[in-house]
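Protein chains in written order, with this note's numbering: chain A, 1 to 237; chain B, 238 to 506; chain C, 507 to 778.
In short, the hints are calculated from the structure, not lab data.
Some clues are possibly wrong.
[Said to hold, decoys possible] Among the chain A residues that face chain B by a calculated CB cut under 10 Å, a handful are:
hint, residue
1, R141
2, A148
3, C155
4, G157
5, A168
6, L174
7, P177
The C-beta atom is built at its ideal place from N, Cα and C for all residues, glycine as well.
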Amino acid sequence: MIVVGYRPGVSLLHRAHPFTNLTLAGTVVVLAFALPVPIGPLVLTGVLVAFALVAGLPRVLATALAFAAPFWLFLTLIHVVFGDSPMRALTVGGQITAILIAFLLALTAVHPARLVDALLDRGVPFAFAYLLAATLQSVPRLQERAGAILDAQRCRGLNVTGSLWRRARAVVPLAVPLVLGALAEVDERTVALEARGAASAARRTALDPPPDTAVQRTLRWGFLAAAIAVVVARIVQ
Amino acid sequence: MTALRFEDVWFGYGDTPVLHGVSLSLEEGETVALLGRNGAGKTTLTKLIVALLRPERGTVWVGERTTQGRSPEQVARRVAYVFQHPDQQLFARTVHAEVAFGPRQQGLDAAAAELVVREALRRVGLDAMREEHPYDLPAAQRKLVTLGAAIAQRPRVLVLDEPTQGLDRAGARRVMDVVRRMSEDGVTVLAVTHDLAFVAESLDRAVVLADGRIVFDGTAAELVRSEPRAMELGLEVPPAARLAQALKLPQAPVRVRDVAAALTARGRD
Amino acid sequence: MSVEFSSLTFRYPGADGDALRNVSTAFEPGQVTLVTGALGSGCSTLLLAAAGLVPHVTGGKCTGTITTLRHDPASPEGRRVLAGRVGTLLPTPWTQLSGMSYTVGEEVAFGPANLGWSRDRIAHAVSSALDLVGAATLIARDPRTLSGGELQRVMLAAIVAMDPEVYLLDEPTLELDPVGARTVYRLLPEIAREKTVVLASTDVDRAVDVVGRVVVLDRGQVVADGSPDAVLGIPGAVASGRSTTVAELARTAGLKPPYPLSVPAAVERLAS
């Protein structure tokens, strides 16, 4: 089962400060594009896979594989079957896979409420912090709803297998309730937030701000330095 | 004729067992309440009927066929399932188009579907709203739209999940009428519900699940009258039945109509 | 008066008719007020108006005045001042989740945290609110794994934890089983001793046991207002189907009005 979003756990990443996780993900993006290709992105992917396994988060790899597989398929088609640049396929595939793994790791390990607390601690306005956290949590909720809608429509005779044409037509009864439901939820969420005192002029209390340590800070500076170093090396070359 | 049959059905999610060897048989035209506390296995049981889930052991029969190897869309030709919350299925631009979806999926042409839709809308009392956008209707009426859509599937078995929840008395009465009419047409109705007033008024039989086993299977009236059994389920004996018991009315009637008749007779004595 | 409507008329955007028509009424502490009527008569809209959500969030055309705790609840200033002082509970608990909590405890703490309370005060408010609604054992659960009934109790606790002065409860027991619903209803008169409690519900059979006043809406207009017996025990209320099952039975059985509304009241009348 593919799950995108926070899952409680005790892994290394779960214990890290939310900012450290996000810095790591950002650094991977920079490295994926700045390292020499195709070997750089592929090594990066390998390191992230090893890291995910060591951290005890193999589920993330399954999810990343599910998302990356179609890209690999298309890249192979375009660059290998119909083209003649397998190196290009390896490069782009490696970049996409590395970035996917990095972001899925961060999504899995960063508790939205702790992220909000950390942001509040740094003086970020709650409205902004909330938007970020709610977006992170919206994916699993959308997945849940999509599953329920699929069940309901199949029980009314909707055929979701068979020819491409038939599958294309099946999209409407599935997508419309999902989109309308999401829109209605935005309205109701606004009402709910107001009802819970969100309009208050008071500064929101950070409920459980995650501890930040010298080690964490050093790590973040380290990631940042690594990213800059690679970019500079690349430009100088 | 048996419309629905569970033969020693076992089911679990991962390591969590949900149904432990359930055997149950529902006849044509029978109206049955399915009751139980949260986690008792009610939803699992209804999802097994429509092939959204498959038994680990045992067999589910719908008519003369088992659900083995069949998809929900195939079972949908015989079974209509009305989910608890209408917003997970409404998608069309008009009530009419929404209700026509099922019959069109079954391959009915526009003219034939029109007849079916008209009858379904009449039964749920929404004929005047056929051109409305379903999302412009209040939640209670959206619920009736999904019931209309289920009727239009012309099922042999109708599964309802909390059909009276959120409805006012007029809406609940509408649902009760629909159930009675379906039953007269030979359709089997299985309703998951918390509403013992609904059970008393329009269902014949009650089945109670606890921890994945059937712990009661009897007449609806018998269940509705039993205060201890209702309490065990977190349910309440409905007011009419409670009044009949308190006044020791003959035959302990449970339906409003019957209690009223008994009260009137008592007044004359 | 904690909530006061004066000649309030309101129409939703794009609607053909008024959702509320010339409503003048007021709510105050001391007793639970039931606002009832057939679905679509405007009960929910009246609650949303008291909270300032109509017309602020919904849009639409509004004339007349709404005063909640001496402020216009829809004005920017009113919204700021009234934050946390008016507790609104909608009938669909899953749409009211904050969207950033993984435990029930955090979910209930969301409101108090918005009010800027200290962490100690919040922790105390959360545990006593969960205790009150009988959901203390759920504190560490993930809200998304709760049943509808459990979630509805948790969301009531989320409101109680903010200790509002006005409770606006729209079908707060819709997802609960009848025994759970009864338990929640029994809490209301206790809360109403010091707070204003307005309950919108079509579940008259159960609500009638705990309310001191009934306001009936019909197509957006107040058509009756008074004690339960005076409003629901009369032939007109029974004929229009807005009274209790017991009152209907009493009328059919030929009793004289005012009809008894509950089983004990009916037994008392009929046993003699």
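Going through the hints against the structure:
1. Below 10 Å, beta-carbon pairs count as interface contacts, and R141/A has none with chain B, the closest being about 13 Å; its hint is therefore violated.
2. Against a cut-off of 10 Å between C-beta atoms, the interface hint on A148/A holds, since the closest Cβ of chain B lies about 5 Å away.
3. At its closest, the beta carbon of C155/A sits 4 Å from a beta carbon of chain B; the interface hint therefore holds under the 10 Å criterion.
4. Interface hint status for G157/A: upheld, as the beta-carbon distance to the closest one in chain B is roughly 4 Å, under 10 Å.
5. The interface hint given for A168/A is violated, since its Cβ lies 15 Å from the closest Cβ of chain B, which is over the 10 Å cut-off.
6. Taken as an interface hint, L174/A checks out: its beta carbon lies about 8 Å from the nearest beta carbon of chain B, inside 10 Å.
7. For P177/A, the interface hint holds, the least distance from its beta-carbon to any beta-carbon of chain B being 5 Å, beneath 10 Å.
When held up to the earlier numbered hints, the structure conflicts with 1, 5 and fits the remainder.
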